[in-house]
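**Student:** Protein sequences appear in the order of chains A and B.
My numbering applies: residue 1 is where the first sequence begins, and numbers increase by one.
My numbering applies: residue 1 is where the second sequence begins, and numbers increase by one.
Misleading hints may appear alongside valid ones.
Intra- or inter-copy, both count: the list cannot distinguish identical chains.
[What the hints assert, rightly or not] Straight-line C-alpha distance at most 20 Å; calculated DMTMM-like pairs for lysine to aspartate or glutamate:
| # | residue 1 | residue 2 |
| --- | --- | --- |
| 1 | Lys283 | Asp242 |
| 2 | Lys192 | Asp242 |
| 3 | Lys77 | Glu117 |
| 4 | Lys435 | Glu111 |
| 5 | Lys252 | Glu118 |
| 6 | Lys192 | Glu450 |
Keep in mind the hints are simulated off the structure, nothing from the lab.
There are 2 protein chains.
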Amino acid sequence: MTFASSSSAAASLTRTAASRAQATVLRRRGFGTYPGQPSGPNVLTSSVPGPKSKAVLDDLNQVGDFRTAIVALQYPKCKGNYVVDADDNTHLDMFGQIASISVGYRNEELEKVARTEEFAMAAMNRPALGVFPPVDWRATLDAGLRKDSVRPRGLSQIFTANCGSTANESAYKACFMAYMHRKRGHSDFDQKTMASSMDNAAPGAPTLSMLSFKTGFHGRLFGSLSTTRSKPIHKLDIPAFDWPAVDWPALKYPLEEHEAENRKEEERVIALVEETIEQWETKAPVAAVVVEPIQSEGGDNHASPHFFRRLREVTIQKGVYMIVDEVQTGVGATGTFWAHEKWDLPTPPDAVSFSKKMQAAGYYHTEELRPSAGYRNFNTWMGDPARAIQAREIIRYIEAHSLVSHTASMGTQLHSILASLSSRYPTLVQNLRGKTEGTFQAFDCETGKERDALVAGMRKRGVLVGGSGERAVRLRPLLIFGEKELEIFAETLEATLKEMA
Amino acid sequence: MTFASSSSAAASLTRTAASRAQATVLRRRGFGTYPGQPSGPNVLTSSVPGPKSKAVLDDLNQVGDFRTAIVALQYPKCKGNYVVDADDNTHLDMFGQIASISVGYRNEELEKVARTEEFAMAAMNRPALGVFPPVDWRATLDAGLRKDSVRPRGLSQIFTANCGSTANESAYKACFMAYMHRKRGHSDFDQKTMASSMDNAAPGAPTLSMLSFKTGFHGRLFGSLSTTRSKPIHKLDIPAFDWPAVDWPALKYPLEEHEAENRKEEERVIALVEETIEQWETKAPVAAVVVEPIQSEGGDNHASPHFFRRLREVTIQKGVYMIVDEVQTGVGATGTFWAHEKWDLPTPPDAVSFSKKMQAAGYYHTEELRPSAGYRNFNTWMGDPARAIQAREIIRYIEAHSLVSHTASMGTQLHSILASLSSRYPTLVQNLRGKTEGTFQAFDCETGKERDALVAGMRKRGVLVGGSGERAVRLRPLLIFGEKELEIFAETLEATLKEMA
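Start from the sequences, fold in the hints, and give me the full structure.
**Tutor:** Written out as structure tokens, the structure is:
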């Protein structure tokens, strides 16, 4: 079925004079009609996955665990906002490979760069960056990951890594080292400290902790998983550090309608953070707090800029570092390059981690978080020049096409549509969030069962959206998500809701 | 200075009739004279790093920690076995980016693949493999990482990851899950288990352990670092799990001259492993033992095939999984594709991890190590098709040029040279190891200070070798290391030793 030429009440919501004018601007820039992409979703099979996808996934399941796979994709046929599966079904992708695709499938400018000597050479001659960096490594960083328009304000340093989990864990290590350095007051290690470190025992391997928030997600390796509190399926049977976690503020949505009571709840949590840091001082002192600007796997849980400013205040008062995990929120999707820009912090966070849409991973940090000696925070590859070149080109493309402000503007329109549908289908579309967060939006269904049905209903109509937490639908469109896609999304969601209601 | 045309006694050691015949064969295949590579090292500056490298590294140090860097390289100018630094010094690279380069710098066949549509597309359209795998993912695996000639015998399954640490930690997770599954006898989780997992507490986050060996190295994230026991600098100030570690057998080298006493020492350690597993049963049961075939960062410490067969026996008897960490030893450098092939195990290990020379990372495993449900061992990218394509091409190149048997044969010659130098410089070249391990060889100097001087002496003459452990020199030449390079190495080592003696 094709939605390209159909029309609906929800779609018409986007057709104000203002949005028409905007659409013209965007089309001129090449979006809304992303060059060469399909005109709309097209599902040919009676179910998704279709028989060919099923066969591919069954085959893969023989050699690894692919029970989680939704469909197998023909990547060569994907384009712009659209993916094509093994059965030639075309889907509008509003999930973006778990929020990691930014500037579109088969982006010609990116693939052109991929075929340059610079990229081919970087990919096939991967250095051990910490020992033999390329002569132009600083230039690559400065033109991309460390570009003035990109690098978070106040953070001069960068540590590159390979994925979100390794980025976060390397930042944790830096915080633990800096915390102990400050406590010791010097950079020498006595014999007892050195020897005990080799036995995984204090004082060399100190009993310190990372503080995180309940329902938060920071990765799935042993350190990052110890700060992840999303779902049992992520954590069961894996040994974890005894580290503290505090409530995430239980806010009422939409935020702007419940400011007073939300403020109170946020203050309750801030007090809890303070108390927890104090209580753990004798048990396992908290070296750092790690926090997502929007809890992205755990249910799209938001908090206000006020909350984060207070958190920064408390961490400074208590001498605890603050890591902002922007692995999912970073790189434009929230309508600013970094979600934490909106907080207007008087003092920057100590570290900001990134991955996903950047394609390269790592964290920005203060000078204080530099280790006291070389080889302390180190590994073989220390990042990847090929991925750093890719990040440089993604950034260039985002800036050339003003995709961050485009996404902010698309977010406003997306929110209007969801607000209208929420008033008409209040049990299926509730607790809207992300009004001012670009297209990084979400809503709840009344139950998890309804949420699953809604996601499946969208999928059979050729629109891929994700779930998060217990009953949230999370939208993670690409940064090139335009007016036409918005129209299709609105029509598809409405048709799904109509069928479910 | 150039060594290309000089001659020495050490070099002449390689010139037996047999080796001459062999060299002819290798040259015919394109090695010994790797196409287009420099004829020898050429150091133009009075010290290494030279002024230009120093300037590049100083500049990099402004934005990150590059105190560990030796020289900055001009990667476009590197070729075959040789790297060219910022000052145009040419070095014979026998360290290979910490043992991660296999088939030569600027390998034309690899770079040709990098520029294909297949690779460019894979690199710039990175999937979330666990959710939307490419239709040809199984084919990519089967032609490369899972190829019959590559996949360790008895291990049908593969889990792909991003680096050695993430490969090992994902394998650890699989072992913990399988261990608990076996203990429970079913795949259901009760409410108490689910709830406690969210609090990082038992029974949901059980107090289990991984057993590793002292002086071993398995990575630097929180789980892998807890099994790493190489050096304090790797571990200081980082919280660690209270997990057991047992002695590595303190063997006498060369192994073949001390078989009886080494056997006794290995049996002592095997008994220690058994005891430790028993002792920890009430404290934190050991779910798995992780072991390197050759302890590579911790000092190039070897053990005999007998030791590993006994270790496999004990792990089976005790119901403990066995992970073989082939991150540094894998992919041909030891003269077999996997170092553990030489053990002739009656039962394969439960998991074998890889990274470095494969450029792709992950672990092979048994069906028993598949998680009981989807999403239990999962992350966003789940590996990288671009790196899997690169691995496929590396494997194809290795096989087309018989580089594994070539490396075995080069190892024999390399060992002869080291044996001769050892008899002439017994304090500076002692405890030779790796006679039957391809070019994956090492020797000790009497002291760490002498080792550092030797490595520096080689470096100023344009040959890069590494150190490991307290006083070992580790050799990690590429798989394309040929007769000519061996000659240069022999001459350079001898000149260095002569100067030091």
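**Student:** Can you list which hints this structure breaks, lowest number first?
**Tutor:** Of the numbered hints, 4, 5 and 6 do not hold.
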